[in-house]
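Protein chains in written order, with numbering that gives the first Met the number 0: chain H, 0 to 141; chain L, 0 to 122.
For the record, the hints were derived by calculation from the structure and aren't laboratory data. Each hint should be verified, as a subset may be incorrect.
Said to hold, decoys possible - Derived coverage of chain L by chain H (criterion: at least 3 residues anywhere in the stretch with Cβ under 8 Å from a Cβ of chain H; other residues may be distant):
id	region
1	55-68
2	78-87
3	91-98
For clarity, every value in this text was computed on a predicted model and none was experimentally measured. Note that CB positions come from ideal geometry on N, CA and C, so glycine has one too.
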Amino acid sequence: MADEHKPRPVYTNIHVSQIITYRLPIAGVVSILHRVSGALMFLLLPLVVWLLDVSLTSEVSYERFSNAFIAGVGVVPAFLLKLVVLALIWAFLHHLVAGVRHLWMDITHSVSLQQGHVSALATLGASLLLTILLGAKLFGLY
Amino acid sequence: MSTQNKTYGSKRLVVGAHYGLRDWLSQRVTAALMTLYTLMLIVQLIAGPKLGYVRWSAIFSQQWMRFATFVVIIALAVHAWVGMRDIWMDYIKPVWLRLLLQVATIVWLIGCTGWAVQVLWRL
């Protein structure tokens, strides 16, 4: 009996060293980016509150806010600030669209492989397109 | 009294007691609130003349807008807490380190929440 057993497939968690070579389906990419974008916004929360603070407190602080994107602030050059804000814009948009996708899946029970694949593609497309549009505005391309 | 359906104490039933449901639901409800707030803010930003300090601060000076923003600040803290706790539970196995990171998360969120509320209500 025992030698008739085929070796059963073994599924383990992905090890850190496998992250680069592990082939994730597109829905898996959206899923991990949902988590990464959320963690990024959590870490950069003080920057967001600071931007809210200087942009709202007074006309003088608003000047400092605008100037930070032109001449930089403290030791941080304007270019670096813009890059970080661009990352925040992407994180917000991806998290928002991926979240709406989740709610849509929950409400309409759209959980087939095909639906998951198409909606994941739509999520990536929409969030990246909006990021490019807003990023171009941020870097003064239009 | 049967001990099978205890929802408290060391002999509590660890499944079917909806321990995770509250977090799951609060994360979705807060997400919906923040999405609606975002759409509402976008409408205010694109309707009207060129955006400068006067119009920007006027948007947040409206009493109903402060009300909505305050709710969203709290919603964000709750939402981020559930999400970050999920991350720590998934990846951090040593209990002492997980607890430390969870405490740090709460400190971080409460601090940022207080700062944001102060910015909002001193306008």
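Comparing the hints with the structure gives:
Restraint check on the region 55-68 of chain L versus chain H: 3 residues with Cβ-Cβ distances below 8 Å, three needed, restraint holds. Given a C-beta distance limit of less than 8 Å, the hint that chain H covers the region 78-87 of chain L holds, as 4 residues qualify and 3 suffice. Residues of the region 91-98 of chain L with a Cβ under 8 Å from some Cβ of chain H number 0, which does not satisfy the need for three, so the listed coverage is violated.
Comparing the model with each numbered hint stated earlier shows that hint 3 is the single one that does not hold.
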